[in-house]
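**Q** Fit chain B to the supplied structure of chain A, relying on the hints for placement.
2 protein chains.
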Amino acid sequence: MTKDPAQSQPTCPIARALTHVGDAWSLLILRDAGLGLTRFEQFRQSLGIAPNILSRRLAALTEAGLLERRAYSEHPPRFEYLLTEMGRDFGPVLHAIGAWGRRHGGPAPLSVPVDAETGVPVEPVVVDGPTGRPIGSFPIRLRQP
Amino acid sequence: MTKDPAQSQPTCPIARALTHVGDAWSLLILRDAGLGLTRFEQFRQSLGIAPNILSRRLAALTEAGLLERRAYSEHPPRFEYLLTEMGRDFGPVLHAIGAWGRRHGGPAPLSVPVDAETGVPVEPVVVDGPTGRPIGSFPIRLRQP
Chain A
1 MTKDPAQSQP TCPIARALTH VGDAWSLLIL RDAGLGLTRF EQFRQSLGIA PNILSRRLAA
61 LTEAGLLERR AYSEHPPRFE YLLTEMGRDF GPVLHAIGAW GRRHGGPAPL SVPVDAETGV
121 PVEPVVVDGP TGRPIGSFPI RLRQP
Chain B
1 MTKDPAQSQP TCPIARALTH VGDAWSLLIL RDAGLGLTRF EQFRQSLGIA PNILSRRLAA
61 LTEAGLLERR AYSEHPPRFE YLLTEMGRDF GPVLHAIGAW GRRHGGPAPL SVPVDAETGV
121 PVEPVVVDGP TGRPIGSFPI RLRQP
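Going line by line, the protein sequences match chains A and B. Numbering-wise, our numbering puts 11 at position 11 of the first sequence, and it's gapless, one number per residue. Numbering-wise, our numbering puts 50 at position 50 of the second sequence, and it's gapless, one number per residue.
So that you can see chain A by itself, here it is in the shape it has in the complex (with noise of 0.2 Å):
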């Protein structure tokens, strides 16, 4: 971003959200962490990130409150990085991305989550919590504050 979409758009919650995770190595190390990853060189390992990209990228998720360091040595000093309750919140549009990704993401075979007990596989869908009609099925609007 050559600006933060938040200034220009005070009372959007989706421009606000972008602030934190508007970009996809912040999207991919929150998936990484989800899946259990916690190390510096976890991430670079996964990832294939430039070092100096994944240290900006984890003291940003850091600061924003999405991850939480910790050091696991001191001598030498190390730190390792978990999610947080906000962080872990945003798991689950995650998943609602990658169900996306799969419907249109192209041919190649992709990897599927599945319930961990079962195996059944998940399909993640937006609803209305109360409702539980799918977002998209009937008309929304927005009201501003």
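Derived by calculation from the structure, the hints in this document are not laboratory data. Built from N, CA and C at the ideal position, the CB exists for glycine as well.
Pulled a few chain B residues facing chain A out of the computed Cβ check, cut under 8 Å:
| hint | residue |
| --- | --- |
| 1 | L18 |
| 2 | I97 |
| 3 | P109 |
| 4 | V127 |
| 5 | G132 |
So the derived list for chain B, only partly shown, Cβ under 7 Å to chain A, looks like this:
| hint | residue |
| --- | --- |
| 6 | A17 |
| 7 | A96 |
| 8 | W100 |
| 9 | H104 |
| 10 | V112 |
| 11 | V114 |
| 12 | A116 |
| 13 | E123 |
| 14 | G136 |
| 15 | L142 |
Rough simulated footprint, nothing fancy, chain A against chain B, three-plus residues with beta-carbon under 8 Å:
| hint | segment |
| --- | --- |
| 16 | 24–30 |
| 17 | 83–93 |
**A** Quick look at chain B alone, frame taken from chain A:
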């Protein structure tokens, strides 16, 4: 992105999706298209985005199949951008991002999606379609292809 994450992670549907929707401007253009904006100047004014960046994002979203470019004037030649089915299918994900933004994006007053007919607030939640269980409420693992 300095590098396409789908290249190093060919089986991940999230990485695949982020090839197309992995930056904040693209996501905000999709949001605005979902709100009915179609023309270059409308997007430019809504987003406060530099024209060259907007041009590149519109071209990339069109190339990826999320937007369709259509002439609405021949003299002078002018184009509008409309969501394709693939692009409309991303709308529920944007609502899920917005719901997270309302929960975690800070204190200022934010817009709220409401049922266009009843005015009742909509509460986007990501669930497993077949069972209705919220994603995040039970353990999920990834099955590789």
